[in-house]
Amino acid sequence: MGGIEIGTAETVVFWVLGPIALAGALGMVLARNAVHSALFLVNTMLALGVFYVVQEAPFLGAVQIIVYTGAIMILFLFVLMLVGRDSSDSVVETLRGQRVAATVLGIGFAGLVGAGIARATEGMVVTGLEGVQGGEGGAADGNIEAIAGLLFTRYLLAFEVTSALLITAAVGAMVLAHIEREPGSRLTQKERSRARFLTSDHPQTLPGPGVYARANSIAAPGRLPDGSPAEASYATGVEPQVVEELPPGDPAGDGRDPGAGRGHGPDAALGTTRGVTR
Amino acid sequence: MIEAPDLSLSALSPFLFVFGAALVGVLVESFAPRHVRQPTQVALALVGTVGGFACTLLLAGRGEVTAAGALAVDGAGLFLQATIAGLGALSVLLFAERALDPARSAFVASAAVPAGSPRDRELLTDERVQTEVYPLATFAVGGMMLFVAANDLLVMFIALEVLSLPLYLICGLSRRRRLLSQEAAVKYFLLGAFASAFFLYGLALVYGATGTVQLAGIRQSVTDDGTGTLLVLGLGLLVVGLMFKASVAPFHTWTPDVYQGAPTPVTAFMAACTKVAAFGAILRLLYVAFGTADWTWRPLVYGIAIVSMVVGAVLGLTQTDVKRMLAYSSIAHAGFLLTGVIGLDAGTGSGLAATLFYLLAYGLTTVGAFAVVTLVRDGDGEATALAQWAGLARRSPLTAAIMTFLLLALAGIPLTSGFTGKFAVFRAAIEVGAWPLAVVALVTSAVAGFFYLRLVVLMYFSEPAEDGPSVGVPGLPTTIVLAVTVAATLVLGVVPGSVLDLADGAARLVG
Amino acid sequence: MDTVPATGLLASSWLLIALPLAGAAVLLLGGRRTDRWGHLLAIGTVTAAFVLAVLSTVELAGLDERSVGVDLFTFISTGRLDVGAGLLVDPLSMTFALLITGVGALIHVYSVGYMAHDPGRRRFFAYLNLFVAAMLLLVLGDSFVALYVGWEGVGLASYLLIAFWYTRPAAATAAKKAFVMNRVGDVGLALAIFLMFTQLGTTSYEGVFGSVGLLAGGTVTGIGLLLLLGACGKSGQFPLQAWLPDAMEGPTPVSALIHAATMVTAGVYLIARSAPLFDAAPVAQTVVVVIGAVTIMIGAVAGCAYDDIKKVLAWSTVSQIGYMFLAVGLGPVGYAAGIAHLLTHGFFKAGLFLGAGSVMHGMGDRTDMRRFGGLATRMRTTFVTFGLGYLALIGFPFLSGYWTKDAIIEAAFDRGGTSGWVLGGVAVLGAGLTAFYMTRLVLLTFFGEPRWEDGVHPHESPAVMTLPMVVLAVGSVGAGFLLVEAFPLADWLAPVFGEPEEATAHAIPPLAVSVLVTVVVALGVLTAWLLVGRREVPTTAPARVSAPVRAARAGLYADAVNEAVFMRPGIRLVRALRVVDDKGVDGVVNGIGAGLGGSSARLGRAQTGFVRSYALGMLGGAVLVAGALLAVTAG
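Residue numbers (UniProt numbering), protein chains in the order written: chain A, 1 to 278; chain B, 1 to 511; chain C, 1 to 635.
Rather than coming from a laboratory, the hints here were simulated on the basis of the structure. If a hint is listed, it holds; no wrong ones were tucked in.
Incomplete in silico selection of chain A near chain B, CB under 7 Å:
(1) G116
(2) A120
(3) T153
(4) R154
(5) A158
(6) T162
(7) A164
(8) L165
(9) T168
(10) G172
(11) A177
(12) H178
(13) I179
Distance ranges between label pairs, derived from CB positions:
(14) C:L40 <-> B:S498: 29 to 37 Å
(15) C:G31 <-> B:A99: 19 to 27 Å
(16) B:A401 <-> C:S599: 30 to 38 Å
(17) C:R380 <-> B:S462: 53 to 61 Å
(18) B:E463 <-> C:S599: 25 to 33 Å
(19) C:L40 <-> B:L415: 24 to 32 Å
(20) C:T198 <-> B:S498: 24 to 32 Å
(21) B:S498 <-> C:I571: 49 to 57 Å
(22) C:R380 <-> B:A401: 43 to 51 Å
(23) C:G455 <-> B:E463: 39 to 47 Å
(24) A:T236 <-> B:V186: 25 to 33 Å
(25) A:R196 <-> B:A99: 44 to 52 Å
All figures in this text were calculated on a predicted structure; none of them were measured in a lab. In this text, a Cβ means the ideal position worked out from N, Cα and C, and glycines have one as well.
Hey, can you work out the whole structure from these sequences and the hints?
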């Protein structure tokens, strides 16, 4: 089994996508915004998918893109959107020396493993995938058949036991997320409506938050005609926040200087809650 | 055309039993009315674990590799599987205890209800229970049994996840002190995932170096081609992943927090079964795959054993919580177990048998000790602060006596199983010339003995506090567990001969 | 001595030990729940053990090879270390088992009455059961280690029972004294066992006795002397005799069972069991004989001077065990005689103690004989049984003591030479003194004018107490004849000590010895009658007495000697050591402790509770692991 030549195109693809994949991975870890982080990960996954395809594993490449980038990452993003992208943790490090030590050890570990691998793979003969995927399906049948062959023979047990893992995961998700309601505790639409009219002096819908063109935060209260915040529009569970209303100098403003020097970016037009409450 | 792999159903029968019970449990959870779930689930989990136990006993004496080389059926594996299934059954009994908590279970009524919310307070005294813990625990038992029998790194990894995932979940299902419990679950999950990543990385490197994930293939490759940098790095990372599960220092940091936060029956389960499973995998990895290159890992394990013993014993000294103290004890015991691993020498050493025996003895004693912890309660649930145990012997002499006995066993006092186990592993270490390790182990045993005895002294020679905890009267399940564990600890200490012989006979790994 | 594996009933002889042990466990762990029926359980276990012992003995007697090994379990069997435990069922051990369970059962029954009103009755029976179990282990074990475990077990039970009324300072002190003096002996025994183990690598009787020949003479003598030290401690022999009279602070059934019939004879058992060792060490044997003779005299002399009924009996025990030591020290001719005397002594001395207990019971727990008198008519059963025990003890012809004590005296004379005459003379003199002090005791207690204090109304004890006394009295009368003439013990014990050799040449004809002893005994009785029986007895002991009487009253100054020779220098040594200990050792230990605590606290700070710091720790560990592995493979 002699080595094979690596084509120029493959080399080029590697050297272009390699840094991109790496940058994506680093960006995922370092990005403060969870959505950015997820997108960085998508980036890395896509690059990996391309690598697989280039290395004669088209099935793996397709699965990588469809399953990881397509399904899983989109689910991640959905969840992030539902939870709210602003619910980011404090990034102030309270442990003394943690960052320094983490950096040193991280680099040390990377250096150690990297150097080890580099030394071990130096001068290694390159073998094409076709050469090794001689599984029960045989190389001739191609990548998909080879994977299938392995999956149902050598890795049958692993494959089967994975089902236990998936069931556990599903049960776990149910346990942690599903609140069972007592039978009959959920009111019908009619009952709710009746209850509202009977007990409340405010049967109609409440005014919405003040998100129209001025702020994109649910925390921004709606305004009454005199400009004061409408208390009924406060969202439950969210502390109402004063919003930067307009670019500086706008005559319609309430005369308050809404943070000089920070209102010139595109975000300023939208108004953001950042910086005001802190 | 794909040739169907050979699958020995009889060899797989323990797994079929355990996983089958877990799957039926999930179905019961979906379709059975709530009031029948608890008894049904308990029965199912017991059928699964006891059935698995029985199957492994029936398989005793087999030595083969099945499922296309992915599963090893051998003496050591079966011994450990039986140990795990048996300890799992005992833990399920602890899970099923209904008499101690006023709300009749240690598990939360509804895990999804936010802790501290009005609904949560409402449910605190509700007799409803999140009965999913039983199938989840059964899954974990299945994963552990597979873990010790995996003859293939990939199966080993999946078994690792199968055993871990349910544990992460049930750690967070405590009825009382829910935030602490959930914090424990999250910590365990994050760190466990971190450790799994190391294992996976190691797996990849080993595969890269040898072109196979089967232990026998790796052994062949090691013998033929020697140990390259890649292989050694891979070995190191695999060891990191396994040591994490075995709570060996310096990969122990999760242990005290998780032991403390998890519901005590779950802690008992983790402390006993996970330890057995992790050491089973360590033994298999080191001896089947890397047995011919033991010069690479022997110094490493030597060092880790010392670190673990010292860290466990020394840190245990200043603990003020019984569960944390037992957690550090578990770390120290992991170190003692590693001396047995060192004492494993191809062909001649008695280390394998000693480690098997030690695991059995330690598992039984630990389950018993945590069972006692579930008994001592005050208004807020279990009273785990050491200070609250002062003068316990006055309140309940029997409980104090049982705890004292189990603590003495953990300390390794003669006529308890702890002594026999320690004696066996230390001797195995000395046999292969690792006497400095045995000396360190003896010294740390003495240091660790101090904190066990401190609790004993506290129970017997301190004035009980005015508003101290009361000792609950256990129901049948906990009584069974206490009786079995105490009896076993005594029997393994006084007449260990037959079990030592059994371990000796079982001390065989195929691959 | 070949041992065959046990079969049939003998294989379950472990039950002998397990039954009383289980009884003790139930009573101790069961707590107050067992208060009402606990004593019955205790009696049941011991009685069952007795029945089993009888059946086993019958089966053993039917075997050709009357030495049966019962492998209980192998504790640890690895490589060259083989720690196991087994039982050795042979005529000697079964004889003891019968004595222990038989007398033990009787005394259990007696205690039901004696302790009826004691709030700690359950605890008492638990300790008694514990004692019986430990004692059975002592005699049935097949190795010196098993014997040692039993030895310490009976020591513990003895300590607990002497201090049973631990609120009395005297009882607590007596228990402590017994404990400490026993420790001295135990150290000797432990050292002997260590010596055997280092020299022979085994401690089983079979192994040790089989290879005695391989040992140097000095080593054998050393082992023998160390064993003797252990035996002296347990059996209250010179120079460790002082604890036994004080041990009478315990309840009387305890004195009867432990400090008369069984535990204190453990030393005799030890020496008899180690016969092959002592036969190979003539020096040690001679020391045994000398100690026996000295103790006979000490016990007899001290017994004459005390007014406390139990203490007199205790000194009598010391003296009688001296006879047994003398016998077993004489070698093959004496072993069977010593054991026979041990058995008959077990009967009559236990009976005497129970009688004394019955008297105390009737007299409101008083023990001062000067305050007794005239009880013969008030307590008829007690008087008759006590009287029979008394006659047996002084060697009244054809009662138990006559047969067994005479055999020992005979054997002493048969030793020949000057030493034979000296030993024989001492033994005869001891017999005379025994007759004197026992007659004095009986006269003071049962005859003469009543000298009772006000408010004492002597009455006979209940049947549950008198019945055991009657049984023991029957034993006191008949046991000697049975053991010496009817079914010679020497033949029964032959598998252990070898066939009894008919002494061909007696120094003095046996008949002459008998006559001599009887005459001396009669003289003793007469003297006692002249000195005590005919005179008015003062209710307080006369203060102006001669020096010998003062010495005797002080137990021949054993306590004073102990204090001057051991205690004071000991205390000085301890003080000096304490200075070293406080300044040096404690400093180091505390330093280590503080160091460990400090490092624990410091290391503990790494346990921040933050996942990221834990993960960092793991990463650090992983770097170390990878680095170490690379270093090992590269290096």
